[in-house]
Amino acid sequence: MEKKRFGDRRDGRRVRDLDGMHAVMPHLMPKRADAEVYLSAKMDVTAALAYLEEKNAGAGETRATLFHCFLMAVAKTVWMRPLLNRFVSGRRVYQRDEITLGFVVKRRFEDHSEESLMVTAAREDWTLSQVTELVAGKAGQVRGQARFGVDGALNTVGRLPRWLTMFIVWGYRTLDFFGRVPRALAAEDPNYATVFFSNLGSIQSPAVYHHLNNHGTNSIMVTIGTIHKEELLQADGSRVVRDVVDVGVTLDERIADGFYFGRSWKIVQRLLSQPELLDRPLKEEMDLVD
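In case it helps, my numbering puts the sequence shown at residues 1 to 290.
Since the hints were made in silico from the structure, they are not lab data.
Where a beta carbon is used, it is the ideal one built from N, C-alpha and C, also for glycine.
Some hints could be false.
[Unchecked claim] Below, in silico cross-link-like pairs of lysine-lysine (BS3-like), each with a Cα-Cα straight-line distance of 30 Å or less:
id, residue 1, residue 2
1, K31, K266
2, K4, K266
3, K266, K3
4, K4, K283
5, K31, K55
6, K55, K266
7, K138, K55
8, K42, K266
9, K283, K42
10, K229, K266
11, K42, K55
12, K4, K31
13, K138, K283
14, K229, K3
15, K229, K55
[Said to hold, decoys possible] Estimated spans, in silico, between C-beta atoms of each pair:
id, residue 1, residue 2, range
16, D279, R10, 32 to 40 Å
17, E54, F178, 26 to 34 Å
18, G258, L164, 39 to 47 Å
Use the sequences and the hints to build the structure in full.
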């Protein structure tokens, strides 16, 4: 890998060959929330559910789920479409060094149960089976510990006087602007991940458009709703009842254009419609771009 140059970050390299429009956009829209665009999709997951039923037959406690399929499909898409792994920070555009996926783990399915933040880095040999084992293992680890990742730091700051909390947050935002947030804080914060997922279907909630946060480096937010039956119109004009999931995606438009986003999302759809591809290594080349 090429040695980093002055102006690069610990977690990414500055993109120096941007066209004029994308170079100026971070100055015209300096906050991530200024540059949000939204995508709503209805995903046919009938094939994915059938594949999971076959895959999980005779499996032990660790069973692959539709959420794991989404994680693998999105990771594969980002691997194939590297502009999705860019972020804007300090009014500059960077290319991440690795693909990271973040999400929230609820310790118990109760109203006042605590939540923990979790991030995992995608390896080039990832398959659906490995994603399942890794995520299930990490989630179990989170639920088995009183504190995990940045939980302790957040709990401490949350108990401080308001004026001191404001000062600490100001210092944190300054470090964030210059890419100097301590690794220990950023490593387990999904706001620094390539893609931040919210599996709302696990709590029987519909998909929503979730905002991007102005702190951190996260450029893509994906929410996944509940699995339900719906009548879909086929290409031949017939109507068929299928298993469907609604998905809401929020993107930072400063990292790529709409054409790039649209073609990328078609890859996610194709991978979920051909789920056997998810058990092939992440790095394996596939001709999935139309």
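- Message: For a C-alpha distance cap of 30 Å, please report whether K229 and K55 respect it.
- Response: Roughly 22 Å between the alpha carbons, so the hint for K229 and K55 holds.
- Restraint status (C-alpha distance of K138 to K55 at most 30 Å): holds (21 Å)
- Below or equal to 30 Å on CA atoms is what counts here, so check K31 against K55. Cα-Cα ~43 Å, so violated.
- If you check the beta carbons of D279 and R10, does the distance land in 32 to 40 Å? Taking Cβ atoms as reference, D279 and R10 lie about 33 Å apart, which means the hint holds.
- Item | Distance restraint between K283 and K42, which requires alpha-carbon spacing of 30 Å or less | holds (27 Å)
- Task: Take the C-alpha atoms of K4 and K31, compute the straight-line distance between them, and say whether it is at most 30 Å.
- Result: holds (26 Å)
- Task: Take the C-beta atom of G258 and the C-beta atom of L164, compute their distance, and say whether it sits inside 39 to 47 Å.
- Result: holds (43 Å)
- Task: Mind checking the alpha carbons of K229 and K266 for me, to see if they're no more than 30 Å apart?
- Result: holds (22 Å)
- Message: Between the alpha carbons of K266 and K3, is the straight-line distance 30 Å or under?
- Response: violated (34 Å)
- Task: Would you check the hint for K31 and K266, treating anything up to 30 Å between C-alpha atoms as holding?
- Result: This hinted pair holds, its Cα atoms lying about 28 Å apart.
- Are the Cα positions of K42 and K266 separated by 30 Å at most? holds (12 Å)
- Quick one, are K4 and K283 close enough, alpha carbons at most 30 Å? With Cα atoms ~23 Å apart, K4 and K283 stay inside 30 Å; holds.
Against the hints set out earlier in the document, violations occur for numbers 2, 3, 5, 14 and 17.
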